[in-house]
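Each residue of the sequence shown is one higher than the one before, counting from 1 in UniProt numbering.
Note that these hints are calculated values from the structure, not bench results.
Careful: at least some of the hints might be erroneous.
To be verified - Calculated lysine to aspartate or glutamate pairs in the DMTMM-like style (CA-CA distance at most 20 Å, straight line):
id, residue 1, residue 2
1, Lys34, Asp17
2, Lys26, Glu52
3, Lys72, Glu11
4, Lys26, Glu89
5, Lys61, Asp77
6, Lys34, Asp77
7, Lys53, Asp17
8, Lys51, Glu89
9, Lys51, Asp17
10, Lys34, Glu86
11, Lys34, Glu58
12, Lys49, Glu89
13, Lys78, Glu89
14, Lys78, Glu58
15, Lys72, Glu86
16, Lys34, Glu48
17, Lys53, Glu89
18, Lys72, Glu89
Said to hold, decoys possible - Using C-beta positions, here's what the derived DEER-type ranges look like:
id, residue 1, residue 2, range
19, Glu89, Glu52, 27 to 35 Å
20, Asn69, Ser16, 26 to 34 Å
21, Ser50, Gly90, 27 to 35 Å
22, Asn69, Lys49, 14 to 22 Å
23, Gln68, Glu11, 16 to 24 Å
Bear in mind that the values here come from a model prediction, so they are computed numbers and not experimental data.
Don't be surprised by glycine CBs; every beta carbon is placed ideally from N, CA and C.
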Amino acid sequence: MWDPNDTHITETIHPSDLQLSHVLGKGGFGQVRKGVWRGRHVVVKQTEKSKEKYFTNEWTKLSRVSHQNIVKLLATDKSFLWLVMEFAEGGSLWTGM
Numbered sequence: 001m002w003d004p005n006d007t008h009i010t011e012t013i014h015p016s017d018l019q020l021s022h023v024l025g026k027g028g029f030g031q032v033r034k035g036v037w038r039g040r041h042v043v044v045k046q047t048e049k050s051k052e053k054y055f056t057n058e059w060t061k062l063s064r065v066s067h068q069n070i071v072k073l074l075a076t077d078k079s080f081l082w083l084v085m086e087f088a089e090g091g092s093l094w095t096g097m
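With these hints in hand, go ahead and build the complete structure from the sequences.
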């Protein structure tokens, strides 16, 4: 469960600030959709409510990482379990290998 006293700093978004588009993929914990936030193309990982611990785990790890080769976590919405991240042009990592 999310701890409001945690020291991880990630911007919280309001769902109305996000324009969601099509689904890019689905996995065991939810789906990934393309979107626009503040005029910027982003991806939104939507975690299923039953998988909240996975959301918390990923949010905790991504909020601590800053590297040019890792997609950046931009914001979250903890009520919808959304992780808003940079959109990486060029398709899937698997197709690029």
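Hints, verified against the model:
no.	hint	result
1	Lys34 <-> Asp17	holds, 14 Å
2	Lys26 <-> Glu52	holds, 16 Å
3	Lys72 <-> Glu11	holds, 12 Å
4	Lys26 <-> Glu89	holds, 18 Å
5	Lys61 <-> Asp77	holds, 16 Å
6	Lys34 <-> Asp77	holds, 16 Å
7	Lys53 <-> Asp17	violated, 25 Å
8	Lys51 <-> Glu89	violated, 28 Å
9	Lys51 <-> Asp17	violated, 24 Å
10	Lys34 <-> Glu86	holds, 10 Å
11	Lys34 <-> Glu58	holds, 19 Å
12	Lys49 <-> Glu89	violated, 29 Å
13	Lys78 <-> Glu89	violated, 26 Å
14	Lys78 <-> Glu58	holds, 12 Å
15	Lys72 <-> Glu86	holds, 6 Å
16	Lys34 <-> Glu48	holds, 17 Å
17	Lys53 <-> Glu89	violated, 29 Å
18	Lys72 <-> Glu89	holds, 13 Å
19	Glu89 <-> Glu52: 27 to 35 Å	holds, 30 Å
20	Asn69 <-> Ser16: 26 to 34 Å	holds, 32 Å
21	Ser50 <-> Gly90: 27 to 35 Å	holds, 32 Å
22	Asn69 <-> Lys49: 14 to 22 Å	violated, 32 Å
23	Gln68 <-> Glu11: 16 to 24 Å	holds, 20 Å
Taken one by one, the earlier hints fail for this structure at numbers 7, 8, 9, 12, 13, 17 and 22, listed in ascending order.
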